Amino acid sequence: MNVDVTPLPGIGVRKDFAIRGGRRVGVISHRDGNLELIVSEADDPDTAVASLALTADEAATLGNLLGTPQLVAQLSEEHKDLPGIDTRQLPITEGSPFDGRTLGETELRSRSRVSVVAVMRAGQIQPAPEPGFTLTGGDMLVAVGTKDGLDTAARILAKG
1 MNVDVTPLPG
11 IGVRKDFAIR
21 GGRRVGVISH
31 RDGNLELIVS
41 EADDPDTAVA
51 SLALTADEAA
61 TLGNLLGTPQ
71 LVAQLSEEHK
81 DLPGIDTRQL
91 PITEGSPFDG
101 RTLGETELRS
111 RSRVSVVAVM
121 RAGQIQPAPE
131 PGFTLTGGDM
141 LVAVGTKDGL
151 DTAARILAKG
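Heads up, the sequence shown is in full-length UniProt numbering, so the first residue is 1 and it goes up one at a time.
Where hints are given, some of them may not hold.
Estimated spans, in silico, between C-beta atoms of each pair [unchecked claim]:
| # | residue 1 | residue 2 | range |
| --- | --- | --- | --- |
| 1 | Asp46 | Asp151 | 48 to 54 Å |
| 2 | Gly95 | Thr47 | 40 to 46 Å |
| 3 | Thr55 | Asp151 | 20 to 26 Å |
Note that these hints are calculated values from the structure, not bench results. Note that the structure is predicted; figures quoted are calculated from it, not measured. In this text, a Cβ means the ideal position worked out from N, Cα and C, and glycines have one as well.
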């Protein structure tokens with residue numbers, strides 16, 4: 001999919017792409033750091049029909065909501081010919097026993113036989129996190145393993 005980048009003199013930069021119905025969806029990154037989610041008219045990409053101002057945290061959360069399922073779907077597709085191997089999102093919730101602790105401290109690999117292949121945080125992907133990677137409430141772990149292993153990993157992350 002092609003993302004068009006358009007400088008907006010005095011304002012910032014618009015990055016957008018065409019969706020199936022002809023409208024364009026994108027983000028305006030203002031020079032002052034503000035972010036704006038936009039949807040354009042189908043016949044006029046310069047006219048927005050919807051615009052939402054987003055804080056950096058809101059933009060990061062939206063990135064996690066959109067990015068993690070896509071990553072999981074891609075990994076699931078790659079594992080489709082491996083019977084018994086699944087990919088799942090495992091959240092680190094606020095107040096989780098592992099909020100503020102390292103991935104190694106979870107002992108997920110030895111306790112559940114699950115591998116964490118990535119962590120989504122604030123709209124950014126951290127691929128192949130090391131055992132010393134510190135987890136934070138709001139992180140979304142992308143894990144690969146058997147259904148039973150993934151169920152066990154989810155319980156571990158929720159309850160310790």
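Taking the hints in turn, this is what the structure says about them:
{"no.": "1", "hint": "Asp46 - Asp151: 48 to 54 Å", "result": "holds (50 Å)"}
{"no.": "2", "hint": "Gly95 - Thr47: 40 to 46 Å", "result": "holds (44 Å)"}
{"no.": "3", "hint": "Thr55 - Asp151: 20 to 26 Å", "result": "violated (35 Å)"}
Hint 3 from the earlier list is the only one contradicted by this structure; the remaining hints agree with it.
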